[in-house]
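Chain order of the listed sequences is A and B.
Its first residue numbered 1, the first sequence is counted upward by one per residue in the numbering used here.
Its first residue numbered 1, the second sequence is counted upward by one per residue in the numbering used here.
Accuracy of the hints is not assured; some may be wrong.
Claimed, not checked - One side of the interface only, derived from the structure: several residues of chain A facing chain B at Cβ under 8 Å: (1) Ile106; (2) Ile184; (3) Leu187.
As the list claims (entries may be wrong) - Distance windows between CB atoms, simulated: (4) B:Phe9 - A:Val120: 24 to 34 Å; (5) B:Ala8 - A:Tyr118: 23 to 33 Å; (6) A:Gly260 - B:Ala8: 40 to 50 Å; (7) A:Asp124 - B:Val156: 52 to 62 Å.
No lab work stands behind these hints: they were computed from the structure.
For clarity, every value in this text was computed on a predicted model and none was experimentally measured.
The C-beta atom is built at its ideal place from N, Cα and C for all residues, glycine as well.
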Amino acid sequence: MDFVTQSVIIGLTEHAPLVLAAIGFALIYRLTGLINVAYSETLTLGAYFAMWLNTTFGLDFYATLIPTAILSGLLSVATYVLIFRPAKHRGVGGLEMIIISFGLSIFMRHGLQFIFGYPVRFFDVPSPDTIWVLGVGVTSFRLVALVSVALLALLLYLFIQRSSYGLQARALSADEQLAKVSGIRPLVVSVMIWFVAGVAGGLAGAFYGVGSSVAPLLGWRQFLFILLVVLVGGAWGLGGVIAVGVATGILLTAMALTFGQILYAQLALIVAFIVLLKWQGRRLTETAKV
Amino acid sequence: MNIDWLDAFLITGLFEVVMIIGLALLLHLQLGLTRIANFGVVGFWGLGMYAFGVLYVKVDWPFGDPWQFLACAALATLVAGLAGVVVGWLIANLDTDGVLVGTLGFATVIAILATTEDGLTGGARGMGGLRIPFDVGTVKEDEFAWLLVLTAVVAVIFLYAWRVHRSPYGRLLIAVGSSEALARSLGKSTFRTKIGLFAVTSGAMGLLGAMNGAMVRYLDVGNLGVEITLATMVGLVLGGSVRVWGAVVGVVLSVGLFDIVISSYLPLPREWYTQTIPVLRQAAFGLALIIVLLFRPLGILGDMRRDKLMRKIHGR
Numbered sequence: 001m002d003f004v005t006q007s008v009i010i011g012l013t014e015h016a017p018l019v020l021a022a023i024g025f026a027l028i029y030r031l032t033g034l035i036n037v038a039y040s041e042t043l044t045l046g047a048y049f050a051m052w053l054n055t056t057f058g059l060d061f062y063a064t065l066i067p068t069a070i071l072s073g074l075l076s077v078a079t080y081v082l083i084f085r086p087a088k089h090r091g092v093g094g095l096e097m098i099i100i101s102f103g104l105s106i107f108m109r110h111g112l113q114f115i116f117g118y119p120v121r122f123f124d125v126p127s128p129d130t131i132w133v134l135g136v137g138v139t140s141f142r143l144v145a146l147v148s149v150a151l152l153a154l155l156l157y158l159f160i161q162r163s164s165y166g167l168q169a170r171a172l173s174a175d176e177q178l179a180k181v182s183g184i185r186p187l188v189v190s191v192m193i194w195f196v197a198g199v200a201g202g203l204a205g206a207f208y209g210v211g212s213s214v215a216p217l218l219g220w221r222q223f224l225f226i227l228l229v230v231l232v233g234g235a236w237g238l239g240g241v242i243a244v245g246v247a248t249g250i251l252l253t254a255m256a257l258t259f260g261q262i263l264y265a266q267l268a269l270i271v272a273f274i275v276l277l278k279w280q281g282r283r284l285t286e287t288a289k290v
Numbered sequence: 001m002n003i004d005w006l007d008a009f010l011i012t013g014l015f016e017v018v019m020i021i022g023l024a025l026l027l028h029l030q031l032g033l034t035r036i037a038n039f040g041v042v043g044f045w046g047l048g049m050y051a052f053g054v055l056y057v058k059v060d061w062p063f064g065d066p067w068q069f070l071a072c073a074a075l076a077t078l079v080a081g082l083a084g085v086v087v088g089w090l091i092a093n094l095d096t097d098g099v100l101v102g103t104l105g106f107a108t109v110i111a112i113l114a115t116t117e118d119g120l121t122g123g124a125r126g127m128g129g130l131r132i133p134f135d136v137g138t139v140k141e142d143e144f145a146w147l148l149v150l151t152a153v154v155a156v157i158f159l160y161a162w163r164v165h166r167s168p169y170g171r172l173l174i175a176v177g178s179s180e181a182l183a184r185s186l187g188k189s190t191f192r193t194k195i196g197l198f199a200v201t202s203g204a205m206g207l208l209g210a211m212n213g214a215m216v217r218y219l220d221v222g223n224l225g226v227e228i229t230l231a232t233m234v235g236l237v238l239g240g241s242v243r244v245w246g247a248v249v250g251v252v253l254s255v256g257l258f259d260i261v262i263s264s265y266l267p268l269p270r271e272w273y274t275q276t277i278p279v280l281r282q283a284a285f286g287l288a289l290i291i292v293l294l295f296r297p298l299g300i301l302g303d304m305r306r307d308k309l310m311r312k313i314h315g316r
């Protein structure tokens, strides 16, 4: 029982940002079918934006979240308007789009070091309190991150599933031509989705950063898991992404506790996900898109 | 042999350029012809390097160099080739998204294993004890001779890629890349073709990794990041992914510019070489990928010669 409780509580609190990041990634993937490798840098820059606002202007961590969300959203929209939209209009193929996003990811990851500097950076925040939940010690930051992520995930889910903009986005991802005939403006809806995805990614990055440190590889280290969660969970919609994201966090923690080494847990999960992809074949990736 | 005119840094830079040309030629067969986006080049290269290192340092061989090197390098090539079979089998029936996950996942698995299995690999501390398998004089002369050996190996890879372009096997690879369903409907086993291609190219990537291990003498898990894959991909895309010469031209213009021209000939402040230039190199490579694929997707050399010929014949 102790093991299960520990796995669930630590898994949920430590890996909560993964769920948020996966939702953001899934929005773009389902809308455009694009695996946007540069999304990992939305996380990284989200962490950098929040750290910069915190250390330069002395803002409390929670006060940095709104401007971080806006800046990350704008950054995401900028990548769409300046790179991916022109590429689509030029008829660039799906494989080349992925390579472009890979190039953009590398460019942003290294370009940001000229702005924010080379060393690893830290938030200037007071030491977090330890709160005991069912006998498991959790820092206040992680607990707040979990609550925030749960709220944001719920809001995003409702926005996509219940709002008229969400309906338009789903219609656009299903059939662009039909959506246009129905009066949906693809540019407006696309910009909105990229903004929302950027907000989710930036906030996930900020939560990752405050929990440890802020470094250029922050987002890239999470990217493979985000991708796997979306490809596997996406077949069941956003709800599936959330469920698989939560399960991934708990499993990672359970295996890390068992093996005594997080890297072994990551290794086992990567292999399991890839075998699952192999078993399901193209069906999984195709259904995750629409 | 008098090589006083040759700077030691230049030899290291040339070794890097020639090695990346080799990797880009192999990626050309995967990505350029068969349209398999291997984002895990560093995984196969790193597996070959570490398999070679472990066999060379940890196994008590009854014979010394050069046979010890040859045995270890052959086994490392075999290990990387077998990994290619497994990864090829995993991704053969997946689309581009699945291939990205499979190859990226494989590279991550290799990096994790190199870190965790420190009893074998030295983990984060690294692994020493490797050396060039001959002694022709000074360290610089050994490295220069090793560069010549690598150049010969890469020349063989070049000739292989060249032959593939002009063989029925090459046409099969192009058919798989253009329309897999059509190739299958013509009775071709695309599944087996992909696995075979992955086995051969991954094995050769492993051999290049083993040769790099002998050159650097010290294996560091930090080398298993995305840099090798990026340099290989940028070189190939810049030069032209569907042309054999594309790999050579692109790598010389990208990796050669940074690792030879800037590193050896530009009078830049010394402190720039530790952080500014490597970071600038990566940012420039990323930007190059975006610009080339947006404005000249087929790279500097453009289309395949046979496609140009077909267009000419059909007056297009």
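Item checked: Unmet hints by their number, sorted upward, for this structure -> Of the numbered hints given earlier, those the structure breaks are 2, 3, listed in rising order.
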